[in-house]
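Engineer: If you want the building blocks of each chain, they are given just below.
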Amino acid sequence: MSTQRTTGRRKQAVAAAAVVAALLSTAACGGGNDDDGGGSKTGAAGFDAANNKVAQASLAKKGGTLKFAGAQDADSWDTTRGYYGFMWNFSRYYSRQLVTNKTAPGATGAEVTPDLAEKTAEISDDGKTYKYTLREGSTWEDGKPITSKDVKYGIERAWAQDVLSGGPIYLQQVLDPKKEYKGPYKDKSADKLGLKAIETPDDKTIIFKLPAANSDFEEMLALTSASPVRQDKDTKSKYGLKPFSSGPYKFQSYTPSKGIVLVRNTEWKASSDPVRKAYPDKITVDFFTNANDMDQRLIKGDYDLDIGQTGLSPQGRTTALKQHKANLDNPVSGYIRYAVFPQSVKPFDNEHCRKAVIYGADHESLQTARGGPVAGGDIGTNMLPPSVPGSEGQKYDPYELATANKNGNAAKAKEELKACGKPNGFKTTIAVRNNKPVEVATAESLQASLKKVGITVDIEQFDGAQTTGIIGSPSNVKKKGYGIIIMGWGPDFPSVQGYGLPLWSSDYILESGNNNFALIKDKTIDGLFDSYTKELDDTKKAAISTEINHKVMEGGYYLPFVFEKFINWRSNRLANVYTTDGYSGQYDFVNLGLKK
Amino acid sequence: MTELSKSGAAVGEPVKDSPAPSAFLEVRDLKVHFPTDDGLVKSVDGLSFTLEKGKTLGIVGESGSGKSVTSLGIMGLHTTGQYGKRKAQISGEIWLDGTELLTADPDHVRKLRGREMAMIFQDPLSALHPYYTIGQQIVEAYRIHHKVDKKTARRRAVEMLDRVGIPQPDKRVDSYPHEFSGGMRQRAMIAMSLVNNPELLIADEPTTALDVTVQAQILDLIRDLQKEFGSAVIVITHDLGVVAELSDDILVMYGGRCIERGPAEKVFYEPKHPYTWGLLGSMPRLDREQTERLIPVKGSPPSLINLPTGCAFNPRCAYADVPKDNVTRTVRPELAQVGGRHWAACHMTQEQRERIWTEEIAPKL
Amino acid sequence: MARGTAAGPRAVLAYLIRRLFAAAVMLVVIILVVFGIFFLVPRWAGVDPATMFVGKQADPAAIEAVRQKLGLADPIFAQVWEFFKGLFVGRTYSGGGDVTECAAPCFGYSFRNEQAIWPVLTDRFPVTLGLALGAAFLWLIFGVAAGVLSALKRGSLWDRGAMIIALGGVSLPIYFTGMLSLAIFSYGLGWIDGRYVPLSESFTGWLGGMILPWVTLAFLYAAMYARITRATMMEVLGEDYIRTARAKGLTEPVVIGKHAMRSTMTPILTMLGMDLGALIGGAILTETTFSLPGLGQAVLTAISDKDLPVILGVTLITSLAVIIANLLVDLLYAVIDPRVRLS
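Chains as they are written, first to last, in the working numbering: chain S, 1 to 596; chain H, 597 to 961; chain W, 962 to 1304.
FYI, nobody ran anything at the bench for these hints, they're computed from the structure. All of these numbers come straight from a predicted model, not from anything done at the bench. It is possible that part of the hints are untrue.
Said to hold, decoys possible - Non-contacting residues of chain W with respect to chain H, defined by C-beta distances greater than 10 Å in every case (computed):
id: 1; residue: 1188
id: 2; residue: 1206
id: 3; residue: 1210
To be verified - Think about it this way: if two alpha-carbon atoms lie no more than 25 Å apart in a straight line, the pair counts; the simulated PhoX-like pairs of lysine-lysine are:
id: 4; chain 1: S; residue 1: 186; chain 2: S; residue 2: 242
id: 5; chain 1: S; residue 1: 61; chain 2: S; residue 2: 277
id: 6; chain 1: S; residue 1: 300; chain 2: S; residue 2: 62
id: 7; chain 1: S; residue 1: 325; chain 2: S; residue 2: 346
id: 8; chain 1: S; residue 1: 551; chain 2: S; residue 2: 540
id: 9; chain 1: W; residue 1: 1267; chain 2: S; residue 2: 236
id: 10; chain 1: S; residue 1: 478; chain 2: S; residue 2: 534
id: 11; chain 1: S; residue 1: 427; chain 2: S; residue 2: 406
id: 12; chain 1: S; residue 1: 282; chain 2: S; residue 2: 233
id: 13; chain 1: S; residue 1: 300; chain 2: S; residue 2: 346
id: 14; chain 1: S; residue 1: 128; chain 2: S; residue 2: 436
id: 15; chain 1: H; residue 1: 707; chain 2: W; residue 2: 1219
id: 16; chain 1: H; residue 1: 683; chain 2: W; residue 2: 1046
id: 17; chain 1: W; residue 1: 1046; chain 2: W; residue 2: 1267
id: 18; chain 1: W; residue 1: 1046; chain 2: H; residue 2: 743
id: 19; chain 1: H; residue 1: 747; chain 2: W; residue 2: 1267
id: 20; chain 1: S; residue 1: 233; chain 2: S; residue 2: 102
id: 21; chain 1: S; residue 1: 436; chain 2: W; residue 2: 1114
id: 22; chain 1: S; residue 1: 144; chain 2: S; residue 2: 179
id: 23; chain 1: S; residue 1: 238; chain 2: W; residue 2: 1046
id: 24; chain 1: S; residue 1: 131; chain 2: S; residue 2: 204
id: 25; chain 1: S; residue 1: 128; chain 2: S; residue 2: 144
id: 26; chain 1: W; residue 1: 1046; chain 2: S; residue 2: 242
id: 27; chain 1: S; residue 1: 119; chain 2: S; residue 2: 236
id: 28; chain 1: S; residue 1: 480; chain 2: W; residue 2: 1267
id: 29; chain 1: W; residue 1: 1114; chain 2: S; residue 2: 238
id: 30; chain 1: H; residue 1: 746; chain 2: W; residue 2: 1219
Built from N, CA and C at the ideal position, the CB exists for glycine as well.
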């Protein structure tokens, strides 16, 4: 396909990259940036200045062009179909929901606040009916008012999975668990609003009737997938190429993998929107194929921030930490990186063999493989991300992974092996995605430390794009003998349900697309999830979350590596910057402003 | 057969101390040496001759005897465009119509090339550019030296092609060399070299690449053209028969030097040097059976880096022991007059030569 | 001027028709092979293209619907037929209540973002073409010039230096030279922005974005061309007709620039045709390094996304480009070298 030498040059490329990195770190100085590390009032705000707090809020002015750079396009910009975290975050520029995440730093950002709705839901006592009244003055980009029917239609689209695949389907599971509704495109009713669980008695009122209570329902309505879509503007499978705006900005142009330009939606009225500040006049996104090039341009000042929000590449990180520390934040991403033990693969049916691996691993070296404490994250000690209510962070460390056993505990591991009936150790296979070099590195680290306790492991790399078919199929996992699978998981919304339900509930063991890799069938855990969805009190919900986490850890199904952290870049021009747990530690895009 | 040369020396010993010779072309003590990693290759080592307008000189010798190097030396092609090669070391004098070429401005010599002196090469297929038509190549040769428009030049090209006997010249002028037969190509080559009426024409093995019947036609053509244009002609060949037909004088070269020189009929009918005898014997003749042919000259040409001491021909000479005291192997024979305007470089006495010629050589020819 | 018998207009026309017919047959074969690879092999390997189309959390009904819509459930012959039909008369996809018209030439839809492939190809083609032509212009000028100078000054310091640089140019990966040039001229000195700007937006911006990719790509190729030119020129300079040219009294610039260059260019043009054809298929590394939105970048993204229709489309365009380049080279060859007969 190309005459350029693409094969057999890996080593050279790596060597070349090292040389270039060295050059870049010196060349970048010439770019001209005089930050003092501590931060100044109008320049860079300082290291971690926007991590869980607002930096330079007062400097945000109206106007200007906010420039995003990205190394990868979203899966789709269709509000029904997008699943990437940054897409949900970015979509608030052009789409509104009944309720949305608070535009506030840290944990507050994960709380729900009214958006199109005048106030949060009026919930019936049994927790099965949610009623909203829409705010006056909210309009589409053509000036027509946003109605309750538009909201219903937007939500109904998620039922048309055969046309609009890819997005989250929580609302489907909660509102129509028996899958009776076939989606608006096959809807026989004249107005295409045949979904019985949602009622729209008038244009301002919308009522949700749940077959069973779910205490996270309002969180689900705050997802982008619950955005309104106007029927006459629904271009079905091509909607993602130009969504019709209900927010302060609208699409001027979008070319997949090339770029996006958003301009002000002149029909949007600030008075109708209590959430969005809409500081810049224009928002652009340019996509790069060379992540190093993108990072250098961020550092150079050509762009304001990375739309992907997954941290700088190793080269850019080195340069930035040395010379532009005041432009960096080091937030927790909400992801936990871990190894999981499928119980179908012997000897992992025995919890002592699972625990032998947990004790035998060198957690500090796993952390190093992930990038160390700053770029990788703190050693993970349990399976509930710090951003999820009910999490205890490193305080809950049942296996003392971050303390006494952080370099592995061979004696304990041997003990567990004996209890498992394998005093001389055993052989197994680690499955790891081939397109994630860091995960391959952790697999190698694990392999090395387990060898010391007599557990011999082979590493098998599989096509990362085929995850669903390979490790998502329990029969395939058993056949291949994948005793250890290396993965990561982050919450769709910050709750134990939004994070752990697919991982730990026996209802979620699927023949294909399975995420309960450990094949946990624990009645206690299932019961706890049940009571969680029925519990409306936040404090009690958090307590149940904590308990679920403890049960999972006690079972020894998982070996957590890190509570993941990123190093994200913010330009000198940015004002009103803060990270939010609502979007897994990303900057809250919608209210970013520019100085001057 | 050529007529007897007219009175006046067409070829003679150059007058050493005369600075500007009266002869049209005079070569004095020409040496062309090529430095190589193995040593100095003395391709031409002290060659002298003169040539008048309207006369033809035949230079004869085996390959490697220095005859082609001499012609390229006269044309000045050893010093031009020898990129990256070690430069040839040339000494001596070459006087053409009152100008000494070796010391002249190279650009002046370039302007003489093609106009004053032209050259015909051995293989017309490789000597003509394959990507240009015959006409384009002749027009180019004409227009370098004449400020005329393309049309005029083209007319001139057609005229020249007609003159050298190419049928339908106005059509063939647009043909490419590969579309011509071998003989036609050589005619075209001759047309190109004569397009500027050069005073000196050097034909380097003009017939070697052609078959026998065509050879004769080309030789006739050269002779006719010489008469018509009155140029001086140097014919270089390994075939004594060719020069015998064309030349007024013959110069035989061996190992980069002249070993016999004289009027054509003298050299041809009364050769004085054993090497010339060998050359005569190697001539193809229609009146003789193949099997009876003399084996011409045994052995191979000498190394030009280390010539044999004494007479350079001595290792191959059947009569090397005829002179006394092993002199052929120790002393290099100088050119000595052996008759009227006839010189040879051989240690044998006149009598010894006469006897061998009449008794051993002539009967077999 | 009449060209003699070898390349009369009739012969050229007949030749062209013959070659175009052969090219069409070739394309059909390529389509079949590519189709086979991209649609059958995943099936044998147990991977369903439909699952790639629907993304994660897809239920079996959705997968089945996509299979219907894309015709993946049809027999392979029907699929190939539909594909060809799509190319020439367009086709209609319908499923799940969503009807999509795909006008000819229909290369299908991207699995990833449901864009029609053809507009993607036409959008990206000019970028790649601009990259390839601009780079080719540079490498021809500098490569050939360096090669000629080296041949003329054989063994000199210049020759040795140029050939060492050429060796470097051939061996260094684009990724390295590309990042290095960006580091120096864009991030470091800041002379050039180095970001792609479409020609339709700004000519100077376009030049600024293209110059580094051009130079980087040209460096690699100039090195190869310099080496070939040097070798060919040295061979040509030894030809008899060069001596003839000098014997005519031509000046050296004419001897070299006209007589020697004409022969030297023949193999170089052959190479150029092949290289351009291949580059149009996508200078993957160059486009990735400089984030140029060309075909190479599209195919790279498509490969990592397993976006088969895009890969198929780019492969077809590439094949077409190579075939056309071959044809042009052959025609050009016949124009340059009258000895070549078109048959």
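Engineer: Now, for every hint given, state plainly whether the structure supports it.
Structural biologist: Hints and how they fare:
no.	hint	in the structure
1	1188	16 Å, holds
2	1206	7 Å, violated
3	1210	3 Å, violated
4	186(S) with 242(S)	23 Å, holds
5	61(S) with 277(S)	10 Å, holds
6	300(S) with 62(S)	24 Å, holds
7	325(S) with 346(S)	48 Å, violated
8	551(S) with 540(S)	17 Å, holds
9	1267(W) with 236(S)	23 Å, holds
10	478(S) with 534(S)	35 Å, violated
11	427(S) with 406(S)	23 Å, holds
12	282(S) with 233(S)	23 Å, holds
13	300(S) with 346(S)	53 Å, violated
14	128(S) with 436(S)	43 Å, violated
15	707(H) with 1219(W)	18 Å, holds
16	683(H) with 1046(W)	69 Å, violated
17	1046(W) with 1267(W)	24 Å, holds
18	1046(W) with 743(H)	65 Å, violated
19	747(H) with 1267(W)	65 Å, violated
20	233(S) with 102(S)	28 Å, violated
21	436(S) with 1114(W)	52 Å, violated
22	144(S) with 179(S)	32 Å, violated
23	238(S) with 1046(W)	23 Å, holds
24	131(S) with 204(S)	11 Å, holds
25	128(S) with 144(S)	32 Å, violated
26	1046(W) with 242(S)	29 Å, violated
27	119(S) with 236(S)	31 Å, violated
28	480(S) with 1267(W)	23 Å, holds
29	1114(W) with 238(S)	62 Å, violated
30	746(H) with 1219(W)	17 Å, holds
When held up to the earlier numbered hints, the structure conflicts with 2, 3, 7, 10, 13, 14, 16, 18, 19, 20, 21, 22, 25, 26, 27 and 29 and fits the remainder.
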